[in-house]
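Heads up: the sequence lines are chains X and Y, in that order. Residue 1 is where the first sequence starts when you use full-length UniProt numbering, and the numbers rise one by one after that. Residue 1 is where the second sequence starts when you use full-length UniProt numbering, and the numbers rise one by one after that.
No lab work stands behind these hints: they were computed from the structure. As the structure is a computational prediction, the values presented were derived from the model and not from experiment. There may be inaccurate statements among the hints.
The list cannot tell twin chains apart, which means a pair is met if one copy fits it or any two copies do.
[What the hints assert, rightly or not] No farther apart than 30 Å at their CA atoms in a straight line, the calculated lysine-lysine pairs in the DSBU-like style are these: (1) K80 <-> K279; (2) K260 <-> K123; (3) K197 <-> K275; (4) K280 <-> K7; (5) K12 <-> K275; (6) K191 <-> K64; (7) K280 <-> K260; (8) K102 <-> K255; (9) K303 <-> K313; (10) K102 <-> K303; (11) K24 <-> K280.
The residues making up each chain are set out below.
Number of protein chains: 2
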Amino acid sequence: MKLICSKANLLKGVNIVSKAVPSKTTMSILECILIDASASEIKFTANDMELGIETIVEGEILEKGIVAIDAKVFSEIVRKLPDNDVTIDTDSNYQISITCEKANFHISGKSGEDFSYLPYIEKTDFISLSQFTLKEVIRQTIFSIADNDNNKLMTGELFEIHNNEFKVVSLDGHRISIRKIELKDSYPDRKVIVPGKSLQEVSKILSGETDEEVRIFFTGNHIVFEFDNTMVVSRLIEGEYFKINQMLSSDYETKFVINKKELLSCIDRATLLVKEGDKKPIIFRITDEDMEISINSQLGSMKEEIDIQKEGKDILIGFNPKFLIDALRVIDDENITIYMVNPKAPCYIRDDEQKYIYLILPVNFNASAN
Amino acid sequence: MKLICSKANLLKGVNIVSKAVPSKTTMSILECILIDASASEIKFTANDMELGIETIVEGEILEKGIVAIDAKVFSEIVRKLPDNDVTIDTDSNYQISITCEKANFHISGKSGEDFSYLPYIEKTDFISLSQFTLKEVIRQTIFSIADNDNNKLMTGELFEIHNNEFKVVSLDGHRISIRKIELKDSYPDRKVIVPGKSLQEVSKILSGETDEEVRIFFTGNHIVFEFDNTMVVSRLIEGEYFKINQMLSSDYETKFVINKKELLSCIDRATLLVKEGDKKPIIFRITDEDMEISINSQLGSMKEEIDIQKEGKDILIGFNPKFLIDALRVIDDENITIYMVNPKAPCYIRDDEQKYIYLILPVNFNASAN
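Using the sequences and the accompanying hints, generate a full structural model.
Take a look at the structure:
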């Protein structure tokens with residue numbers, strides 16, 4: 001095999017497929033990028049068996065062939081080459097020579113025989129949206145997937161399509177995040193659970209441009225994201241997702257509007273008194289005039305008042321500050337509306353059209369101590 | 001005690017003195033910043049017994065007093081306060097209230113009785129130079145102090161003053177770094193060993209402006225850096241520094257001029273094949289035409305040629321690439337001159353006026369394998 005590619009194109013390709021190279025594995029072939037120049041295009045592939053990524057790299061094929069090359073070493077070499085054309089040349093023993101200007105590297109490759117190729121996907125059933133929208137919707141929900149494997153379903157996100165509505169849901173037992181997107185076209189109903197890790201990697205590769213499209217294909221066991229010259233294939237999580245609608249309620253006893261940035265800065269300040277692992281709740285004392293936010297810890301105490309526009313009952317309620325911070329960070333609205341029922345029932349942050357809903361469970365605390 | 005300071009001034013003061021707060025200590029008073037408003041100025045002090053820093057913070061004293069406050073908690077609170085005036089108020093039990101806009105923090109302070117005040121320094125014997133020069137000269141030598149305590153002298157830098165020459169030296173047994181600065185005035189001879197850690201912290205606080213001055217005072221056991229509103233006091237390392245002049249030689253068999261950036265990029269590329277802890281030398285094969293740089297490791301091999309202007313003998317010599325990289329990074333010249341004697345003798349990188357000298361010992365390698 002013999003190829004010539006610019007350093008920039010090589011680097012782009014390597015950066016994209018590297019997202020599917022596992023950091024730890026016992027199968028050394030999975031640590032490789034497959035360079036496939038056996039047909040008319042140069043294709044890089046990596047596959048950790050759950051997530052597979054394939055991308056077309058622009059360049060010239062002087063001699064057709066295939067080779068598998070250690071992803072880490074290859075990526076570091078490419079990164080440090082001068083900005084110029086790079087020649088990649090392999091011999092019949094898969095010894096690879098990489099030359100750029102006066103620099104020449106020699107490393108050993110593999111035949112690629114053992115490489116796990118991506119599954120063949122019949123591309124019929126799909127939806128289309130902008131890269132920007134997909135990237136945003138992942139960012140706005142991914143934080144509330146579970147961070148451990150105790151319940152496999154919680155490590156993924158629900159992707160639900162109904163007519164022209166695309167709904168993304170994640171939950172971890174303490175909170176639920178829901179975002180709804182309006183698609184340009186209507187599609188048949190679909191409901192799949194996508195591994196959170198796959199979404200995190202997809203999100204890193206997406207350009208995030210509003211005028212660049214991404215097409216999402218569905219098969220029985222896989223989801224495929226196709227954009228630019230790249231295809232990302234992820235296994236789906238099997239099982240029936242939680243019945244979200246049963247958990248949501250639109251009843252409330254207290255409703256208030258608050259400036260999002262002020263609330264976020266205040267909670268941020270309060271949490272500096274909470275050391276990691278120390279589960280101190282942040283207390284909201286909501287009255288007609290304002291909201292008093294307070295926290296008590298071994299390090300000291302903090303109190304702050306914020307103006308709110310309130311309807312309904314006064315309430316004293318405690319939260320894990322991290323859950324509030326996570327949700328507030330991904331809401332773009334300047335002012336937000338928060339709904340509460342009582343100190344033991346979930347609180348909701350949602351907009352009028354319910355394009356976003358963040359449900360957060362309160363925590364118990366010793367009210368007399370506050 | 002009651003003070004009003006802007007958040008910006010508080011933060012500046014806290015950031016400066018925090019450099020002298022030890023990250024680990026059994027004496028909790030050392031983890032504190034002393035706020036001394038007992039006289040007409042607000043003074044922050046921190047002291048880890050080896051390094052002490054004192055800085056004047058602009059603000060208004062409404063009620064005189066002294067309090068010691070946990071540096072980490074105080075610094076985090078100040079950092080997250082809104083950009084406005086901050087009131088710090090203590091009661092007779094050293095309970096501290098910090099108020100800014102509607103936010104109010106309560107934390108416990110200490111009396112400051114146990115605080116180790118900085119030693120009294122008679123400020124007579126001093127030199128003066130620009131903050132820029134001091135910061136640069138530290139950066140250009142600090143990398144070759146020893147990273148362990150086996151030989152205390154090697155953990156410090158020699159500061160030597162002779163007439164109007166200020167010489168800074170560091171060495172770690174494999175290499176020596178020497179920088180010489182011309183001072184505006186002449187001073188009496190001085191020779192002290194300053195702990196490297198103190199210099200690293202001083203360097204972080206120095207603004208690095210060419211038109212800002214720093215005055216360096218010497219006493220029997222201490223060195224004092226005075227600049228802006230800040231005073232840094234460091235203990236000196238006791239003992240007689242190595243006799244550097246006996247280690248230096250101006251004889252050479254091979255001399256060549258090379259583009260610094262090209263050499264640095266090439267060594268940088270070569271070292272990516274060397275995993276941490278793997279001591280593979282980089283080999284220079286120097287001939288009349290050019291220099292061939294090569295490296296061999298388990299991961300593969302790399303070769304590259306660089307143009308040089310050479311005088312004297314051909315030579316084949318090996319180095320620890322890290323030592324070359326460290327020295328090359330801090331040299332500002334576009335082209336540098338390297339002097340060699342034989343594959344077992346030290347190599348020198350130095351300019352004609354010997355404003356800088358970097359001595360690096362070569363390493364043995366199996367020449368037949370290259």
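Here is what the structure says about each hint:
no.: 1; hint: K80 <-> K279; result: between (45 Å within a copy, 20 Å between copies)
no.: 2; hint: K260 <-> K123; result: neither (42 Å within a copy, 54 Å between copies)
no.: 3; hint: K197 <-> K275; result: both (28 Å within a copy, 28 Å between copies)
no.: 4; hint: K280 <-> K7; result: between (51 Å within a copy, 27 Å between copies)
no.: 5; hint: K12 <-> K275; result: between (40 Å within a copy, 24 Å between copies)
no.: 6; hint: K191 <-> K64; result: neither (42 Å within a copy, 68 Å between copies)
no.: 7; hint: K280 <-> K260; result: within (22 Å within a copy, 55 Å between copies)
no.: 8; hint: K102 <-> K255; result: between (69 Å within a copy, 23 Å between copies)
no.: 9; hint: K303 <-> K313; result: within (22 Å within a copy, 76 Å between copies)
no.: 10; hint: K102 <-> K303; result: between (64 Å within a copy, 8 Å between copies)
no.: 11; hint: K24 <-> K280; result: between (35 Å within a copy, 25 Å between copies)
Going down the numbered hints, you'll see the structure goes against 2 and 6, while the others check out.
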